[in-house]
Amino acid sequence: MLFEILITIFQWLIAVLGAPLLVGVIRKTKALLQGRRGPSVLQPYRNLRKLVRKQMVISEATSWIFRITPYVVIATMLLAALIVPVLSTARPVEFLGNIVLLMYLFLLGTFFLSLAGLDAGSSFGGMGSSRAMAIAALAEPTVMIAIFAIALRAGSTGLNEMIRASITDPLLMLNPGHLLAFFSFFIVALAETGRLPVDSPSTHLELTMIHEGMVLEYSGRYLALIEWASAIKLFVFLALLGNLFFPWGVAITLTPATIALAMLALTIKLGVLTVSLAVLETGLAKLRLFRVPELLGGLFMLSLLAVVSFFFLR
Amino acid sequence: MSKESTETRSDVIAAITEFSWAVELKTDFVREHELRITIAPGAFIAFADFIRQRFDARPELIFAEDTRKESSGFTLRYIFELPGRDLFVIVSTPLEKGQESFPSIGARWYLASLFEREINDLFGLTPLDHPDLRRLPLHQFWPEGYRPLLKDAKTSKPFEDDGQPFPFQQVQGEGICQITVGPVHAGIIEPGHFRFSVDGETIVNLESRLYFVHKGIEKLFESMTISRGVELAERISGDSSVAHALAFSMAVERCAGVDAPRRASYLRVVFQELERLYNHIADVGAICADTGFAVANVHTMRLREDLLRLNERIVGHRLLRGVIVPGGVTAADFSNKQIADALNTVLKARDDFNEVVAMALESAMVVDRLRGTGVLTNKTARELQVCGMAARASGIDADTRRDHPYSAYSDLKFHVPVFDEGDVWCRMMVRVEEVRESANLIVQALDSLPTGDAFRHLSNPSAGSNAFGLVEGWRGPIWHWVVFGRAGALKRVKVKDPSFSNWPALNYAILNNIVPDFPLCNKSFNLSYAGNDL
Numbered sequence: 001m002l003f004e005i006l007i008t009i010f011q012w013l014i015a016v017l018g019a020p021l022l023v024g025v026i027r028k029t030k031a032l033l034q035g036r037r038g039p040s041v042l043q044p045y046r047n048l049r050k051l052v053r054k055q056m057v058i059s060e061a062t063s064w065i066f067r068i069t070p071y072v073v074i075a076t077m078l079l080a081a082l083i084v085p086v087l088s089t090a091r092p093v094e095f096l097g098n099i100v101l102l103m104y105l106f107l108l109g110t111f112f113l114s115l116a117g118l119d120a121g122s123s124f125g126g127m128g129s130s131r132a133m134a135i136a137a138l139a140e141p142t143v144m145i146a147i148f149a150i151a152l153r154a155g156s157t158g159l160n161e162m163i164r165a166s167i168t169d170p171l172l173m174l175n176p177g178h179l180l181a182f183f184s185f186f187i188v189a190l191a192e193t194g195r196l197p198v199d200s201p202s203t204h205l206e207l208t209m210i211h212e213g214m215v216l217e218y219s220g221r222y223l224a225l226i227e228w229a230s231a232i233k234l235f236v237f238l239a240l241l242g243n244l245f246f247p248w249g250v251a252i253t254l255t256p257a258t259i260a261l262a263m264l265a266l267t268i269k270l271g272v273l274t275v276s277l278a279v280l281e282t283g284l285a286k287l288r289l290f291r292v293p294e295l296l297g298g299l300f301m302l303s304l305l306a307v308v309s310f311f312f313l314r
Numbered sequence: 315m316s317k318e319s320t321e322t323r324s325d326v327i328a329a330i331t332e333f334s335w336a337v338e339l340k341t342d343f344v345r346e347h348e349l350r351i352t353i354a355p356g357a358f359i360a361f362a363d364f365i366r367q368r369f370d371a372r373p374e375l376i377f378a379e380d381t382r383k384e385s386s387g388f389t390l391r392y393i394f395e396l397p398g399r400d401l402f403v404i405v406s407t408p409l410e411k412g413q414e415s416f417p418s419i420g421a422r423w424y425l426a427s428l429f430e431r432e433i434n435d436l437f438g439l440t441p442l443d444h445p446d447l448r449r450l451p452l453h454q455f456w457p458e459g460y461r462p463l464l465k466d467a468k469t470s471k472p473f474e475d476d477g478q479p480f481p482f483q484q485v486q487g488e489g490i491c492q493i494t495v496g497p498v499h500a501g502i503i504e505p506g507h508f509r510f511s512v513d514g515e516t517i518v519n520l521e522s523r524l525y526f527v528h529k530g531i532e533k534l535f536e537s538m539t540i541s542r543g544v545e546l547a548e549r550i551s552g553d554s555s556v557a558h559a560l561a562f563s564m565a566v567e568r569c570a571g572v573d574a575p576r577r578a579s580y581l582r583v584v585f586q587e588l589e590r591l592y593n594h595i596a597d598v599g600a601i602c603a604d605t606g607f608a609v610a611n612v613h614t615m616r617l618r619e620d621l622l623r624l625n626e627r628i629v630g631h632r633l634l635r636g637v638i639v640p641g642g643v644t645a646a647d648f649s650n651k652q653i654a655d656a657l658n659t660v661l662k663a664r665d666d667f668n669e670v671v672a673m674a675l676e677s678a679m680v681v682d683r684l685r686g687t688g689v690l691t692n693k694t695a696r697e698l699q700v701c702g703m704a705a706r707a708s709g710i711d712a713d714t715r716r717d718h719p720y721s722a723y724s725d726l727k728f729h730v731p732v733f734d735e736g737d738v739w740c741r742m743m744v745r746v747e748e749v750r751e752s753a754n755l756i757v758q759a760l761d762s763l764p765t766g767d768a769f770r771h772l773s774n775p776s777a778g779s780n781a782f783g784l785v786e787g788w789r790g791p792i793w794h795w796v797v798f799g800r801a802g803a804l805k806r807v808k809v810k811d812p813s814f815s816n817w818p819a820l821n822y823a824i825l826n827n828i829v830p831d832f833p834l835c836n837k838s839f840n841l842s843y844a845g846n847d848l
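Keeping their order, the protein sequence lines are chains A and B.
Just so we're aligned, residue 1 is where the first sequence starts under this note's numbering, counting upward by one.
Just so we're aligned, residue 315 is where the second sequence starts under this note's numbering, counting upward by one.
Chain B with its partners taken away, still in its complex shape:
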């Protein structure tokens, strides 16, 4: 354990010991960067307020587990991130037998209120004093009282729409109109409903209703084996296959107490950056296409295709599926020829991409559309706990790869671009700079690729073992929380895609913009519906 992390920990422990005079809690260090705390539901709010004041901690992941068999009641878990420290505080609050409500922290953190609505829908556990307890993941056609994530969930009631409209926020006033868009859109994109309140062309309120593709991913995970689980993880959001598979694999490896071999950790960097590369390049083109500047889009689509074909050549799958598995990576035998091919293709794509970007930014009309459009202020971004690329465009200097290094990122050099204005231009420029960094990372990782095995066999983790995996996908941090049951079967998997925390940001970024600028603003976030709806 490094000196730095020892200091970080002792500091936090001292503070929490001091606090524990007031309430009863149990602390436990399971792994180097996790401090685990068990606390009664009644004392939780006081504790949350305490670590918020003391360490500016924010709950990044909140979820429930159906532990009625093991410990008679449900268990709620909160993972707090402590800014500036590579340490997570994982708080567990076991509910009493038969207890179906818990204290809400939704009025303190907006993101927490979303997680609590999710728990309310999926588990039937009611957050008390919640500011806005409308349905979130389950639409009206889910039968009343059916809680799909309970272990004994069943219903005899039919799945049909209750005919009640969703209670959208109403904006009233002279000349205010509502524009409804979706859930089915033109073009090949996923479904989502947007409710604009406009004054002429100016948007005064936007509310989005998602979860049209709620597929029950978390329920599907339950009772799967590890090898099936990683396949499902890859399919949570197609454009983030590598990142989701990696987050899942890291969680499983932590449960099993096994580290991936060094060669695997370098290759994981390569695959993650390849994924970031093709997504960022395509996004920059798509942003240009939405300004009507089609040339840039055509060229970035070509570059994306080059990169996808490279993926197929080196691992046999265009979206890099089936490559990352718990224990390491498959497809690890690269000939020198393949490595040279990868380096050539990536560097060529980077150089061509820079030309396309230069061409787009030379156009005053394109830049005029990008600048000042869809501003997400730093204050709003912080309050909504916006994460990842969108946060870095709003002046939040955070990147999991640097702040909580995993795989081989701590051995490699890279720069984290941060822009302050928070407009579409910034979100595009963050991508432009990250493309350069990703290409550099791939070159570094391939140049210093360690030899040896790239896969280590895992034995089944013991029942009840649990851990999280956290990686920086191209949109932002992706969380997987994994709990094992008997015989290596998954018991509970909680997934958080960055889209979950970033969708609400769009509603704020678009305010006071005009309706025709919405597609551009939306594209600059390019959030995943599938990853959000699960």
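Just chain A, with the same shape it has in the complex:
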């Protein structure tokens, strides 16, 4: 029991502390692909350190919502990182890893960010909020349904059970639904984490911003919390993608050997995913905003097909 608790804390630390590294690797890879040298992979950590030390400027027009949002956002993400099986499925408390809870946590964060975007009363915040809500309304159901396609096969919505079921019975993954679900989950993850082709994380053009628009008024410590939270969100999505759809290596039983193997597997999975994300982003342009619903609608259909295929191809 104690060992399980320790491992849970350990994998949680990997998620929350390793997340900025993931962002750094994506930026570095993109820079290299574009023919630039790019900043060090540790730059996101340096940015966070810089932001924490900086003075905050808070608009007088804001209410308590603005001040509480960074804490809500980081709290939801820290909790989400606790739920997602990063290294092992062994849990001290079994009910923790539930996909529905995870989705609600994400939505809670997005909801508060949107409120904060509106709170300062600036036009960019408002635009960011309205766009983020429109996209969330389309993307979150797709994420849910894509995961349900796996959950149906495993017979549980618990993330741990899903992974365990896939490992013990690999034939479950030999299914077109699995591939469909993976594909739509991957693209929706891009929308959810504010990346191309839906949102451009590096733009300075306020009029085009979605996630960046909502957080435009934040500075200093608050901004550090929000940036850290978005990094964790990216980590959580990539870890889910890696472990749910390619569960090999995830430790079911806890021995030093399985943990070591799980760490190796995690590094490889995240490495492959981040690099492919960077490659994908380099080759993509940003979609016209009104095309985003078409993309997300298509992905929703794919996830639905993945679920339906379960009933046909049992």
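Which bits of chain A does chain B cover? Going by a derived footprint, with three or more residues having C-beta under 8 Å, they are:
hint, segment
1, 29-37
2, 195-206
3, 277-290
It should be emphasised that the hints constitute simulated quantities derived from the structure, not laboratory data.
All C-beta atoms, glycine included, are put in the ideal place defined by N, C-alpha and C.
Could you slot chain B onto chain A? The hints should help.
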């Protein structure tokens, strides 16, 4: 004088003589391509209507001069362009002593209404029956009654904001919101305020308020010497240093009655095209960057840097400043090695650029963003007198280099690309094709570079001599009107950057587009704030 231009002129003179039965006017040919007409303010509108009907003439430049010392009243000047003819009609209307108003032609030409608002602010001369006489160049903190371009301008009143909001157009209706953007923007760009009225994400009206960087350039010119003047001209809009310096120099040379030597005219082509090249290449990359396609931008930035370094190697300045002067060009001694270096760099940049463009256009997502975005229709472009590159993307086949050749352009071969749809894609493709033409022009000019001097000394033009210089900058035609006072001092310089006539086009091109497409649309015009605000 060529046969063709004689015919063009006699045709126009015949028509105007016929018209002069009705009103009293004085005609005068000062130079080959200028017909000068002096007409009383009361008869001007009838004349303007006449040449509009007869020759489809459009006023391209309107300005006032404070001539109260010489002729007791102000003088207004209108330069009309006659489409299809290499001839400009310069109309002067001297106002009476103490007369502080003049008839407006702002309801006939939109561009004229902007010039008239400018005259109203800077000279205090009121255009009568003007459709929209809000402030233009001078913001609210300029004291009431202070007219900076008067020779005796002075004020004791403080410069402070009067607290009154600018009367923007109001759009009302259910669900219509206003979005205010600027004047300070994210990123390193100049200031300008944009007022969007939106229905959801769809833009139903856009009004821009510029002139936050009104620096009094035209006032600064006054009493400068020629050599200081050309330095100021280079600094009007940094990315058009060569074009502004050239337009100014051509005006001064015409006043002095001196032509630049042949070698200089070829080198001027080279420098102008080098400027066009680095700007167009960077713009195409920036348009791609605004679609989120960063790879293209990174590569065009590299190519731009290569070209800027080439500029530094051959003339000692990255933006080619200090090269073009009235009388010719400095830095004219090129070794064969330098010429070969320039040719190599330019051709390499052109080839690399074509690869980048091919890569961008292969991406369906990039093309989807460009096509159909920010359409400026041919009709709107004509009505607003949009000029230059943006006009050529909206199906207006006009290029000063071909239509009113200067420097060595008449000796060189080039093609003027014209696209019809007027969307962002067209504005990008015009640039893509012009890059190819510019590279060709540089190769031609350097291959046939005449030997000899590249600078001819100018003596000071006589007091009162005046002329215009017109060149095709990379954005479009740039006008400089120069009047000399005593001892070679500049008395009045009027500058028109193409941004002045093209800014309003953005307000129309963006209609019915969505807010997130505005930066892309704006970038496709890439207008100068500094060149507009002066």
